[in-house]
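Chains as they are written, first to last, in the numbering used here: chain A, 1 to 331; chain B, 1 to 331; chain C, 1 to 331; chain D, 1 to 331.
Calculated directly from the structure, the hints in this document are not laboratory data. Where a beta carbon is used, it is the ideal one built from N, C-alpha and C, also for glycine. There could be a bad hint or two in this list.
[What the hints assert, rightly or not] Distance windows between CB atoms, simulated:
no.	chain 1	residue 1	chain 2	residue 2	range
1	B	157	C	245	17 to 23 Å
2	A	299	C	136	53 to 59 Å
3	D	290	B	326	54 to 60 Å
4	A	324	D	1	42 to 48 Å
Number of protein chains: 4
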Amino acid sequence: MLRVAVLGAGRIGKIHAANAAASPRARLVAVADPFGSAAADLAGRLGCEAMLDPVAAIGRDDVDAVVIGTPTDTHVPLMLEAAGRGKAVLCEKPIDLDIARADAAVAEVERLKGRVMLAFNRRFDPSTRAMRRAIDAGEIGEIRQVVITSRDPGPPPRGYLEHSGGIFRDMTIHDFDMARWLLGEEPVEVMATGSRLVDEPLMRAVDDFDTVMVQMRTASGRQCHINCCRAAVYGYDQRFEVFGSAGMLLNDNLRPTTIRRWRQDATDMREPLLDFFLERYAEAYRDEFEAFAEAVEAGAPMPVTPQDGRQALRLADCALDSALTGRAVAV
Amino acid sequence: MLRVAVLGAGRIGKIHAANAAASPRARLVAVADPFGSAAADLAGRLGCEAMLDPVAAIGRDDVDAVVIGTPTDTHVPLMLEAAGRGKAVLCEKPIDLDIARADAAVAEVERLKGRVMLAFNRRFDPSTRAMRRAIDAGEIGEIRQVVITSRDPGPPPRGYLEHSGGIFRDMTIHDFDMARWLLGEEPVEVMATGSRLVDEPLMRAVDDFDTVMVQMRTASGRQCHINCCRAAVYGYDQRFEVFGSAGMLLNDNLRPTTIRRWRQDATDMREPLLDFFLERYAEAYRDEFEAFAEAVEAGAPMPVTPQDGRQALRLADCALDSALTGRAVAV
Amino acid sequence: MLRVAVLGAGRIGKIHAANAAASPRARLVAVADPFGSAAADLAGRLGCEAMLDPVAAIGRDDVDAVVIGTPTDTHVPLMLEAAGRGKAVLCEKPIDLDIARADAAVAEVERLKGRVMLAFNRRFDPSTRAMRRAIDAGEIGEIRQVVITSRDPGPPPRGYLEHSGGIFRDMTIHDFDMARWLLGEEPVEVMATGSRLVDEPLMRAVDDFDTVMVQMRTASGRQCHINCCRAAVYGYDQRFEVFGSAGMLLNDNLRPTTIRRWRQDATDMREPLLDFFLERYAEAYRDEFEAFAEAVEAGAPMPVTPQDGRQALRLADCALDSALTGRAVAV
Amino acid sequence: MLRVAVLGAGRIGKIHAANAAASPRARLVAVADPFGSAAADLAGRLGCEAMLDPVAAIGRDDVDAVVIGTPTDTHVPLMLEAAGRGKAVLCEKPIDLDIARADAAVAEVERLKGRVMLAFNRRFDPSTRAMRRAIDAGEIGEIRQVVITSRDPGPPPRGYLEHSGGIFRDMTIHDFDMARWLLGEEPVEVMATGSRLVDEPLMRAVDDFDTVMVQMRTASGRQCHINCCRAAVYGYDQRFEVFGSAGMLLNDNLRPTTIRRWRQDATDMREPLLDFFLERYAEAYRDEFEAFAEAVEAGAPMPVTPQDGRQALRLADCALDSALTGRAVAV
């Protein structure tokens, strides 16, 4: 039974804490957050201890593993603290917004022989895994093109945007990870373009884009397209297409129910999409935690590594560079 | 080249005349209708002769085949007139509203060795034929249940209803034919129920139902359900399901385009259905005429026979009897 | 916090016990089953007490409510024992296979002012509830026809069939409940037909059907069709269609993932259906327990009553009668 | 009644000739092709005159309009010949493979005040037009992203590829036209990448790509992605997505029938796509000819102009340049 502390009691920390508490493989020991009331509320609901200091939580003898759901700039120090103490780590993305610091962290984790898993939750969605299995089984032959659609229901607040690192590092980073995972090869070239179509004044103020397209190529010539937008009126749009020499796999969105409405003006109408990632990927978050706990228990390799996090960040940096310079950027 | 006269220049006669005129296997010689202006208009548009007297059209030496699209009570006399003169006949359903007269007509056609095809157009719809081929190829194994949905966009006018023979003989008769054709066996028992839910006063006045359900069984135990309604706000609803020991076939509706709309309140919305049978079965009418012309040319058996028309009428009579008496009726 | 004992540690008891244990509204106190090892296993896994005697479990002071998941012939005595002791009851369907005993039980529960909910789980499926809400909101106007498809992946073993009460009372009973609930009116007439198409020798041996169709009518003329089969190669098939004057609602099946495959021989292929009711209705079982616990806590009317169970059984009896006699049976 | 000569009796000429012959607005006078037997066959079947010399066909007094379906390098001279003689022209794409010659032709047509329509048939597909109407009606608000999928069932023969001008000018050119038409603004920047994944030796031999991605941006920031491949095992894949501030429009593929198969290993299977453009766009070719005839008759502006053809070619050139240099290319 893995004894777990969750660091951070915000939106994402709550998800991880609930999953740890419900897991048959784990016991939730503590939740730590400098905002004491957040930790207290969550700990009260889940029946564990509340703490203020994440570092103290890492240091507890009755803690085998930590989940890091704190602000991005604390990811690296907490990860290294935990790795240094021999604790297993499930760390939210991104490792860091700065590639040099991410590289240094990856190197240090390796030196410490740390057991760190990066939380790219989409890899654990049941439909995503079914796609991966179908690819591995050779169902679609050699991969030629991957097309990823990734649109949020609405933009985050300005305060968030100011520290997000920009749309490529904050939002598209998930898609960069999916691209690498579905392509089965590393992209070697990135072309990107960015626009301000949802909220031009806000995007100008925070020096960011809200609508982007990315196109990438691997050494063998496999291609990937990603489109992202910070707002879609019909909900959180997450679609994946993998096209190969022997067929194609499509992965559609989820909706709250399966009913279809037929009316005078339209037929076969389905419900709007699940509103956002916490609902859409609820099962993925659960399975991600299980995969983490299982790997730690078994002493098996981590299913997603800090190197994966570093690589996705590198692609995000290349995309930003390409969008700003209008050049294809070699990775 | 089959030389054809079309009898009747109404809604259905126009369809047959246009198909005959466009067919590579046929030449449209004449259109005959006692309403001279209807015949003249149609003949003018299609470049053939207009006549007032259908019997005279049958008698022409330059006519090899006739399509009967006149009022129901003229079907039998015109069919026998044409069969007696050795002309091939494509006759609209039903043969007659009275089973005894239909039986007599079937017997007389046989005596005359007449070449008569009954116009159950749905058998020629490309999707229907694909279902039949899949069944014949054994794709779904032994048939167990057939489910037929058949709803009109709106009820016909009172004048039509008064002479229609009732919903079972006028509307459901197409479904009885499809049921026989898809089941691959003759129904031996019919249970039906009828309601007045669309327009109760009108239905009471014409002593008819507007909403019915029928359930039938063959000797080996195969089952069929049919539901009909005279009105559906979303258009002309024609669905077929054949369930067997090794799988299932579904045949969905047609729409004018393939676009899907995603909006704030609904996603994946499709267009309303094609409004009614002339649009929905346009291709079926074309292919039906080709099948007729091909069979006549080849001297091959007619793809649909007067006996098929008689049998569908018999099932309609049984259904009406069952709906009125509340008993299962043996066919 | 509702203190709950689950009676019966078989397939269905396990579901209820797990839901009670995970519910924020309840605490699972005990599991009781004369097969001691089954109770012990389940109790061990869920951290509650194991008992051999269901009656003793009912009698515990620390038990406020019981869930009855024992064999059918014990439903009535356990329900009455619990009602007599003032315990709330969630009882699996059917109340009993005999309508007279069911009637007597309903009357006795009323006399005792017992708090009994009948476990028609499908009413709590999220998509089913969404249909009900849409109907109540007037989205489809006046209901005209309900079409229910209900096919199991494969037949149960002979031992089960011998005591099941027959397909109408064992399997179709769920559909009779859904029919009543979706029609919004009581059926007054039942017509049914039964066949032996899946396993004729077995069905003959147990004097049962494996393939049935039912058609019902309410006093105002609303119609309902149900088709059932004990086997479908493509999985557990549960579809609902409600057709009204202003539109139609369809409720499709669930599958494990949302992926679609495109291959040379077929496109847009989806996965087989969830295999059976425990998977298909997992969420419905959870929400059913929550609805029970919520109603007990609030002292509110039970969402499904013993009278609902009695009425579904009555429709099953009428259907059997109709299938055997070939008559429409008045309810 | 427009009197029409069709120049070229190959694959595409046959389509145009059949549509002209069947059009209520036109009469097919002649088919001209230096391969006399092709012209004779086609003319025989459609009941018009066969000619060897396209220029002579243009010169006939009884010809008002010509359809140019000859090899690409004859498009410009025939178009100018016809324009010079005051004949209306429907010219197959592309105008020419060389942008300078295309520009000169456009200028000359303008000087001659020629009535020339370029045959971008996809604009006339019923579903495409329905998308355009929905956009114009404001259904999806301001356009943000357009995603176009365009895959052929299999590559053309080497002989064709050697003179095709390359995948961007031969195949993607249709998508460039659709992009302009759906975006509602001119692209100002093009980024493209090309691979050889279908047949590497062949593509190397003809110095071409078989798998490409293109990404474009308009001045206001609207974005468009195009993916093309010369081979898709599941058929001719033509999908369009237009995403806007108020919703999204999707346009799916066509299949020969609407049946869906349910089997043990997969459910809801649909048929493979219509195999190639002649089948997929049959209705679009018909409506294109009608639109041409209607515009000529009415003296209205041509629905697609030589300038449209020139602009699509320019985008193709930019894409090739980008794919070869790895730079974003300004249009």
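Between the beta carbons of residue 290 of chain D and residue 326 of chain B, is the distance compatible with 54 to 60 Å?
This hint holds: roughly 56 Å between Cβ atoms.
Given a hint of 42 to 48 Å, does the C-beta separation of residue 324 of chain A and residue 1 of chain D actually sit inside it?
About 59 Å separates the Cβ atoms of residue 324 of chain A and residue 1 of chain D, which means 42 to 48 Å is violated.
Assuming the hint says 53 to 59 Å, is it satisfied by the Cβ distance from residue 299 of chain A to residue 136 of chain C or not?
Once the Cβ atoms are compared, 55 Å apart, the range 53 to 59 Å for residue 136 of chain C and residue 299 of chain A holds.
For the hint 17 to 23 Å, verify it against the beta carbon of residue 157 of chain B and that of residue 245 of chain C.
The hinted range 17 to 23 Å holds for residue 157 of chain B and residue 245 of chain C, with Cβ atoms some 20 Å apart.
Violation of the numbered hints given earlier is confined to hint 4; every other hint is satisfied by the structure.
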